[in-house]
Amino acid sequence: MFNTSLYLTTIIVWGSTWLAIKYQVGDVPAIQSVLYRFLIAAILLQLFLVITRRAQLYNLTAHKLFAALGFSLFGFNYWLFYLAAEYGLTTGLEAVIFSFLISMNMFNNFIFFKQRPQIKTLLGAAIGLLGIAALFQDDIAELFNGTAIGIGILFSIVATYLASLGNMASRKLTAMNVNVINANGWGMTYGAVFLAITTIFTIDRLQFSTAPDYLISLFILAILGSIVAFGAYLTLLGRIGADKAAYATIIFPIIALMLSSIFESYQWSTVKYIGIGLILLGNVVILTKFNRTQK
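Heads up: the sequence shown is residues 0 to 294, going by numbering that gives the first Met the number 0.
The set of hints was computed from the structure by calculation and includes no laboratory data. Possibly wrong hints are sitting among the right ones.
Stated by the list, open to error - Think about it this way: if two alpha-carbon atoms lie no more than 27 angstroms apart in a straight line, the pair counts; the simulated BS3-like pairs of lysine-lysine are:
#, residue 1, residue 2
1, K119, K171
2, K21, K271
3, K271, K119
4, K113, K171
5, K63, K171
6, K113, K63
What the hints assert, rightly or not - The calculated label-pair distances, taken between Cβ atoms and stated as ranges, are:
#, residue 1, residue 2, range
7, D203, N144, 30 to 36 angstroms
8, R238, K113, 18 to 24 angstroms
9, T209, N176, 38 to 44 angstroms
10, R238, S264, 37 to 43 angstroms
11, F200, K63, 20 to 26 angstroms
12, T201, A132, 33 to 39 angstroms
Ideal Cβ placement from N, Cα and C applies to all residues, glycine included.
Whenever a hint applies, use it, and build me the whole structure from the sequences.
In structure tokens form, the structure reads like this:
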């Protein structure tokens, strides 16, 4: 039941917060918007840890993993996603690309932990990826044409792989008995530091917007999209594994696409509806336990 609650939290929050990225790009450079997001999240989490006396001291190995987590999952991956939005890629399609996290996690689980995926996990992922291809068919050619949309797609693919590396760091921290709140607090702190350093060397001056849309979306992303959703997702990852936890990332794009069709004029078709059906079927295959009947 707890795992189901974590799944639903991840799916609903992430499915709805991708759209908020749309209101973070434009007047403020993408890297600064991401910096503000994770700086706010890091400060709130660190304050929570101190006030509740849950803050702990960790060794150098743990801090190296915190830094890896911050770089890949709470920093530069989102910078690339924000840049992709600036290049014109809808946030719904960004969420769809992020669904490839499940395949990347399977690959990285094998590379870093020598863990072979189960046959049903591979089958479910393959079905889900077919569904993604159906949803994404009109835009795949853009990747090879060098257009702005193609660059946005490429940024999103690289961002997703960075996120997968962050998942591996999180799994390692879980194995070291580091709780998710401390890991996220330190990871977001390191992520904010890396983003701040990069900002100093790439941007002439700090910019900020006081527009209501910008401020509201910023705090939604910092609190719900970062603290709540990542807390639920990485807890789930520690409980059921990276490949199964990542399957939440194949479900929430459906919500993101529905919102994108309302706010970003995303166009549906029969093939895309079939794609959704395949994604749901793949989810059932991966999450269903198949028991052999013994006679």
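*List in ascending order the numbers of the hints, as given earlier, that are violated by the structure.*
Hints that this structure does not satisfy do not exist here, as all of them hold.
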